[in-house]
Amino acid sequence: MRQLLFTGFNAFGQHEFVNSPHDEQPVPCVQALVVCNWQQSRRAVRSLTQLKCILSSPFIIELNAHDGGNSNSNKKKNQCTISIAWRYTAYALDRKLRLRGLLETEPGDCVEVETPGEIKALAAGDSHCLVLLYTGELYKIQPKLEATLQAIRLESPPRPSTATKRTIFGAAKAPAPPIIEHIACGTNINVAISSENAVYSIPSCLHQFPDRQWRVQQLECGHEHALLLNGNGDVYTWGNGLRGQLGQVALGVEETPQLIDALAGIKITGIAAGGWHSAAISAFGDLYTWGLNCSGQLGMRVMKPGGLLKEPTVYPLPQLHDLPECCRSSRENESGDDEGVCEPLRVFAGSRHTLLLRRCGRLWASGWCIHGQLGKQLCEQNFLDAFQALDGVGVDLDFVSGLCGPWATLLMVTAKQKKSVSSADAIS
Amino acid sequence: MEASLLKLFPRFVDLKDLLQNEVEARYILKKATDFLERIKSKGTAGEDEEIRYLVCALVDRNWERIHTGHFSNVPLTIRKIYAIACFFKIFFLLMESSNPRQKEQCSGILDEAQLLGCTDDWSDLKAALMEYLDKGQEEPTQPLPILPAVMRVSSPCDIPQLDAPGLNEFKTKCFQPQQPTLLLNTIKHWPAVDKWRDLNYLLNVAGNRTVPIEIGSNYASDEWSQQLVKIRDFLRRQFVVDQCGDGRREIEYLAQHELFAQIPALKADICVPDYCTVSGAEETAAAVDIKAWLGPAGTISPMHYDPKHNLLCQVFGSKKIILAAPKDADNLYPHESEFLGNTSQINAAELDYKTYPLLERVRFYKLLLQPGDCLYMPPKWWHYVRAETPSFSVSFWW
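Chains as they are written, first to last, in UniProt numbering: chain W, 1 to 428; chain Z, 1 to 398.
Don't take every hint at face value.
To be verified - Covered, in the sense of this in silico footprint (three residues per stretch, anywhere, with C-beta under 8 Å from a C-beta of chain Z), are these stretches of chain W:
no. : segment
1   : 102-113
2   : 246-258
3   : 299-312
What the hints assert, rightly or not - Computed beta-carbon distance windows for the label pairs:
no. : chain 1 : residue 1 : chain 2 : residue 2 : range
4   : W       : 113       : Z       : 288       : 20 to 28 Å
5   : Z       : 34        : W       : 127       : 54 to 62 Å
6   : W       : 267       : Z       : 333       : 30 to 38 Å
7   : W       : 127       : Z       : 145       : 51 to 59 Å
I should point out that these hints are in silico values taken from the structure, not numbers from a laboratory.
Ideal placement from N, C-alpha and C gives every residue a C-beta, glycine not left out.
The shape of chain W in the complex, shown without the other chains:
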């Protein structure tokens, strides 16, 4: 059975937990999880705690975790989409959208609206939440009690290549509104990408990639920068790079998408954007991080030996990580060939933390953890400045999907199938 596990900042009752004695269904709980009640959890949740998906019963949760609408082809029923902002969280299921948190005056405020079509993706920011429908239409909603859905009208991209389309009567046809496929937002940045690879800084079009040259795989935003991964495995960045976020040699602001030269020729398969940092995983099983390392979010040492002075806090170029051994040594006995068994598979990032899923199913993490972002075992420290394995996941639990809020981590997991002989096997 699938469970949503949450850890991190919850001072405004953004998240509700499966716990209370009033729950009709007793929920099986894995030992590694600490259950806490809603009142206690009104601060920071400092261990992975089972989350109640407030829009669906826990038995049918499918999490479309903040992937900017990447899984557009196979829409699943009952797929709940979640996006976490600092003071509220947005949940969507079919045409229902719910915002919960500190909306105006009290924690736990909640508003719910119906959207004109089924929701494909959400991007929750400080001042508004972007809502993308499967039709490719884009809306926004402000996190307040009297919230209403507002349609976003995007400017059309310049089309020098194609002649103006005319109706049979010769009048110029109004260009059809773009069909948006990916969205993401940060504090100072709101990005949408159309099916024709036009890149919008909402609402203006800031760049048009040559038509359908490739497809966008993933779009992510930090506080003030954006990362785009295409089907060729190339990574483009733009926005504010004064803290090294863009992966370019020179610190500065880039108005339009720029290819990261340092990663050119390396096929990238997954990206993540933290507040002021970025991460990428390659098909060769390598992890790269770059940008600000103020809290160890790059997995790089923060203080010099001796503990008095800092290492540089900004790494403008992608840093290749030599990750510590994971479960290789323990498995070596089982099978001779375990090449790549623990290689990085997916990466996620919050404002100042980074989460890494390795092929063996274990989660590793680095960065700021003072608000419980990294779960239980780390809350004594302010931050972790080298990747470390998180308890539980990969051992008792199988990872299904995940996402990070600014100061939070959300995982969807299933209880691990025991390798021991099951009752079914016993019968056969």
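Use these hints to put chain Z onto chain W, whose structure you have.
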């Protein structure tokens, strides 16, 4: 915490305007101010754990907002909320304990409130907290050195020198023709010239303050980083002769910091030279930016330029300076990045004509800046500065 201190904290009504459009700060600071009012009236206020956590979260949250975008564009409201949240964080920490360790932590938070935040609206509270937190702090265990007063050494100088010129002479010979000039014996009357050589004086007056320092010999290098440290620790690390003697200690530089706004007692030891009142025909005298530059021998500011008139005054120690004219900008290979666009890639002390052939065309001017002297640099003049000895300079930009 004393009642007199509590009285200086703002009430919620005082903050109302500031918090008009700030949902989370309004919610959190309402709780915090209510809590404080209950303490003031009843002496106790009940459970504080949640409020304390929320106040800390508000500090962290606004730290992130201050670090988003360019610092100069951060709205004042955000910097004010950061400062007031820091004050309340200090309040809750002191409720918990007021032992020296806790006070030390609080004084670090107060310094950050001042450096990153905007404390203008609560200057009385800030001053009172600072005084309270400095009281009973650790006495210096190991005295710091008193640097010797040195006699002037004769040294070649490639630019004109004037001995304490009058205002008019400065205007006609330096300011109007945009002529970099070494002004000898111009700040000899500053109390700072005698007082600051005794590093124990600096320790007493400023030891508890936190300042930004640069680590690594020069800011354009990859190894460079910046951090906030206590002046006390900085002085100990950089000016006490290394016991282990391995000589591999890292160079730290208190550079380009507005120290005098932070520590008024030091401001009293200097005065703004009259030269800074000289301005072009149409302009009215603008505000003067005063910055401190304190570090051991070997600190380097790589070849760069600043947009304003600059008077670099040497309080103790000496600095080797290399200048180049604005017209040579294209021959000096400035960095391409936005941060370092005013900085050259060259090492002016060791010219590499192979990598940077255009340097052949540049005329460089060398000089030694000695205690009591100042160097006038017109806007956009390139300069490389290296401390030959432990050094304290004060720069005036206008």
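Status of the hints after comparison with the structure:
1. 102-113: holds (count 6)
2. 246-258: Holds: 5 residues of the segment 246-258 of chain W have a Cβ under 8 Å from chain Z.
3. 299-312: Our answer is that it holds, as 6 residues pass the Cβ test (under 8 Å) against chain Z, meeting three.
4. W:113 - Z:288: 20 to 28 Å: Cβ of residue 113 of chain W to Cβ of residue 288 of chain Z: about 56 Å, so the range 20 to 28 Å is violated.
5. Z:34 - W:127: 54 to 62 Å: 27 Å, violated
6. W:267 - Z:333: 30 to 38 Å: 36 Å, holds
7. W:127 - Z:145: 51 to 59 Å: 54 Å, holds
Checked against the numbered hints above, the structure violates hints 4 and 5; every other hint is satisfied.
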